[in-house]
Amino acid sequence: MKRYYNHFEKLHPITLIIYFIGVIFLSFMFDEPVLVSINAVCALTICVLSGGWKTPLYALPLMLFVIVLNPLFSHTGSTVLFYINDNAVTKEAVIFGVRTAFTILSALMWFSFLNRSLSSDKFLYVFSRHLPNTALMVSMIFKCTAEFSLQYKNMSSCCESLGFSLKKGSLSSRLKTGALLLTAVVGAGLESSVDTAVSMKSRGYGLSGKSAVKRYFFSVSDALICAAAILGFSGVILLWAMKTNAAAAAVYAVLLNIPFLFNLVKEIKWKLIR
Amino acid sequence: MEAYKVENFSFKYPGCEREVLRNISFSIGVGEFVLVLGKTGCGKTTLLRNLKPTVAPAGKRDGSISFFGEGISCADEKRLIKSIGFVFQNPSSQIVCDSALDEMCFAAENLGMPSELIKRRMAEICTLFSTSELLDKKTDELSGGEKQMLNLMSVLMTKPEVIILDEPLAQLDPACAENFLRAVHKLCKDFGTSIIISEHNSQGLFALADKVLVIEDGTVGFFGEAGQAASYLSEKGGSLSEYLPVSARLCEKLAAPPAFTCAEARAVYRDNKERISVKPEKREELCTQTILRAKNLVFRFEKRGRNILNGLSLDIKCGCALGLVGANGAGKSTLLSVLSGCLKAQEGKVKNDGAKVCLLPQNPDYTFLADSVRRDIDLTLKVNKKDESDLAELTERFQIFEGFEKLYDRNPLDLSAGQKQKLTLLKVLIADGDVILMDECEKGLDAQAKRELGEVIACLKRDGKAIVFISHNPSFVYENADETALIFAGEVIARQPTREFFCGNEIYTTPMGQISLDITESAFTLEEVCVSE
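Sequence order for the protein chains is D and X. Counting along the first sequence from 1, when you hit position 153 you're at 153 in my numbering, and nothing is skipped either side. Counting along the second sequence from 1, when you hit position 378 you're at 378 in my numbering, and nothing is skipped either side.
The hints are simulated quantities; they were obtained by calculation from the structure and are not laboratory data. Remember, predicted model here, so these are calculated numbers, not experimental data. Please note: incorrect hints may appear among the correct ones.
As the list claims (entries may be wrong) - Listed next, the in silico DSBU-like pairs over lysine-lysine satisfying Cα-Cα at most 30 Å (straight line):
| # | chain 1 | residue 1 | chain 2 | residue 2 |
| --- | --- | --- | --- | --- |
| 1 | X | Lys60 | D | Lys153 |
| 2 | D | Lys201 | X | Lys349 |
| 3 | X | Lys253 | X | Lys295 |
| 4 | D | Lys91 | D | Lys153 |
| 5 | D | Lys168 | X | Lys303 |
| 6 | X | Lys253 | D | Lys54 |
| 7 | X | Lys253 | D | Lys168 |
| 8 | X | Lys279 | D | Lys201 |
| 9 | X | Lys137 | D | Lys176 |
| 10 | D | Lys153 | X | Lys443 |
| 11 | X | Lys461 | D | Lys168 |
| 12 | X | Lys295 | X | Lys386 |
Unchecked claim - Listing some non-contacts, in silico: residues in chain X with all C-beta distances to chain D over 10 Å:
| # | residue |
| --- | --- |
| 13 | Lys52 |
| 14 | Thr139 |
| 15 | Lys236 |
All C-beta atoms, glycine included, are put in the ideal place defined by N, C-alpha and C.
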C-alpha cells in the first residue's frame, strides 16, 4: 500500500490547530448517522493514504468492544432480536453501538493524522509567543525525559555487570535493585539540572522582554484554509440547527476533505513540474 | 581599554575558613587569547565564574574586577549577560531545549532581540562554521562535539566581547576538540573576541595563547607570555610541568628554547639528533590464554540500517590489556556492548566459558548507588554474596587501596576522579569480574588521575583479569595497552603488540611519535628519549 506524502503538515501550526479543533469538536457533536459515516469515511481515507493500514487496525478491537457491550448494557429499543439471561438485546442498541464505534474510529483517525502533521515543536511554537515560560518548560520536560531514560539505560547496564541484576534473582532483590537505581538516576538528574540552571541564568533566563523568533511562514494557503475552516464549520452547525440536513452534510463532506484535496492538489502540482 | 582588570581579588566560600582565591591580579586585553592552567582544586573554576556575575558563586569577595573600565558588581546585568559568553564543561547538561534550533535562539530570545535580527545572526554564524545541518536535529541526537559547538554558537548569538570557556574540551575526542579549538581561535583572531580558556590538556593551546595564567593553590603563580610560562612551568617541575605540551618538554630536555608546535619541535629534534638515543619501554610477556572469543559478529540497530559490526572477530586474553582505537562510529562502543551481553548480535557468537564480563561506563558516577562510599561497598558485597573478610582480603592484596578507608564516609560523587576510579575497581573486584571492558574512561581526567587509572589497569592485569579499553588518546593507549587493535567500518583492521602497532602507523600516533618520525628510531613517550651531553 503506497503511502502518499502528507503535504498538509507543511502548513503553519496555527492553521492546523484551528482546523483540528473544529474537526474534533464536530466529531463528537453530531449523532446523525449520515454525518457520522461521512466523518468516518473521510477520516479513514486521509489516515490510510498518509499512514498505511496499521492505525485503523489498532482501532478495530475498541470498536468491536463497544459494538458488543452497548446492547448488553442498554436495553432500550422496540425491536428485540434475542434474549440473553432475560435481558433484551435490541436492534436499536446494536445500531447505536455501531454509531458510537464509528465516532470513536473517526476520532482516533483524526488524532493519528494530527500527530503526523503537527509535531510537538510546532505545537509549542504557537504557544511560545503568548505563554513563553510554559512552552520552555514543556520543551525542557521533553529533553529531560529523553535524558532520564538514557541515563537509566546506562546505569542499569553498568550495575548489571557489578552484580545488581534486574533480570535475575528473587523478586524482592530485583525490586530493591530497581529502587536503588531509580534513586541514583534521579540524583544524577538533579545534579545535572544544577548545571542546566546555571547555563540558563548565564544566558539571560528570567530577564523581562523575551521575544520569540518567527519560524513558520503564514502563506496564502494558510489564510484560505483558516477562513474555510472557521466559516465552514460554523456554517455546518448553523445549517444543521436549521434542520437543512442535506446542505449541512454537503458542506461537512467538503470541509472534512480539505486535507485530502490539499494533498491531491499538491501532488498534481509536483507531477506537473516534472 | 582592557577587557578585564582584576586587582587583588580574593574569594571565600561561605562556611569555609580558608580563602579559595587570594590576591589575584591580572589583566586581559581586547582580542587576547588567555590560557588558564592549574591543578584540580586550585580555584580555576571559581575564578572564571567570578568573572561573570550571573554565574558567580555566593561568598565573600575582596578586591575589584572591572570589565571595560566598569566595576563588574555595579554594571548593568543585561549588558554583562550579553557581552560575556560562558561555555561550561559538560556539553549535555548545558543544553536547555530539546531542539537545536530552540537552543541556539535561547539566549537571543531572552535578551529580547527582534526576530529578524535573530534569524540573520543565526544564518551568519552557521555560514561561518558551516553547521546548518546541526539545526535540523534534536539535541539528544547530537554527538558530544556537535553539542559543544551548539553551545558555542548559542553564546555567539548575543555578539559577546569576551567568551569564557571552562574546560570545554574535556569530554570531546581529539578530532572534535581540534575542530572546536579552531573555531574559538578564529573568533579571537578574526573578530577580536577575547577568549579565556581553562584546560588540562594544553597540547594545542600553548601555540594559540597570547598569555598564560597559572593558578597555584588560589594565587597567581605566573601570568605572562606563553614562552615565559613554559620556562616557569618546567622550572617548577613536578606535576605542574605536565601541563606543558610534549614539544615544550622535549625542548627543555634538550636545553633548547621551548617549541609549541610539532613542526618546530621536529626541527629542534633534528638539530640534536646526535645527542639522542631512543630506549623503548620494556614490555611484559603477553599472556596467550584466551578467555573470551567473539567470532564473526554482525550487528546493526535497525533492520534497514547499516551494519555497525561487520563480521568482527576478536580474542580476548587474560592478564592482557587490549586497547581499541578507531574513529567515531567505527563500532567500538557497540562492540563492547555486544561482548558484555547488553546487546545481542544478529549473527556470530560470543563464546565465553563462564567468564564474568563487566562493562564500565565512561563516567564512573553511573556505578554509584549510595550516599556514602562505605554503603556503596556494602551493597556490592551483599549483592555478590560476599562479606567483610573478602573485602579485607582484597584491600590487603592490592596496594592501590592503601588508605582507602579514610574515604568511607564521603559521598562517592564528591571524590576526586582518581578516587572514583579506585572505588569502581574495588566493586569490580568484589563482583569477581574476569573481563573488564572500559569505554573511554580516561576522558576528562588530568595527568595525575590518568596515572592513577593506569595503575588500576596494571593492578587488574597482575591479578589475571582481561581488560579491553577504548581510548581516543594515543599516549594513554601507548602507555597502558599491551596490544592495540584498530577498528574501522565494523572490522578489526590491525591488531598488534602496542609498540609494533604504533611503529607501523604514520598518521595515528602520539605527539612524541610525530616528532621523532623518520628522524630517529620511533620514540612514543618523552621517557623513551635519552639525551647525552
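Hint-by-hint comparison with the structure:
1. Lys60(X) x Lys153(D): Judged against 30 Å, a Cα distance of about 42 Å means the pair is violated.
2. Lys201(D) x Lys349(X): Roughly 51 Å between the alpha carbons, so the hint for Lys201(D) and Lys349(X) is violated.
3. Lys253(X) x Lys295(X): violated, 47 Å
4. Lys91(D) x Lys153(D): violated, 54 Å
5. Lys168(D) x Lys303(X): With a Cα-Cα distance of about 29 Å, the restraint between Lys168(D) and Lys303(X) holds, given a limit of 30 Å.
6. Lys253(X) x Lys54(D): violated, 71 Å
7. Lys253(X) x Lys168(D): violated, 57 Å
8. Lys279(X) x Lys201(D): Violated - the C-alpha atoms of Lys201(D) and Lys279(X) are around 54 Å apart, more than 30 Å.
9. Lys137(X) x Lys176(D): Since the Cα atoms of Lys137(X) and Lys176(D) sit roughly 38 Å apart, the hinted pair is violated (cutoff 30 Å).
10. Lys153(D) x Lys443(X): holds, 20 Å
11. Lys461(X) x Lys168(D): holds, 29 Å
12. Lys295(X) x Lys386(X): Violated - the C-alpha atoms of Lys386(X) and Lys295(X) are around 34 Å apart, more than 30 Å.
13. Lys52: Violated: least Cβ distance 7 Å, not greater than 10 Å.
14. Thr139: violated, 6 Å
15. Lys236: holds, 33 Å
Checked against the numbered hints given earlier, this structure breaks hints 1, 2, 3, 4, 6, 7, 8, 9, 12, 13 and 14; the rest are met.
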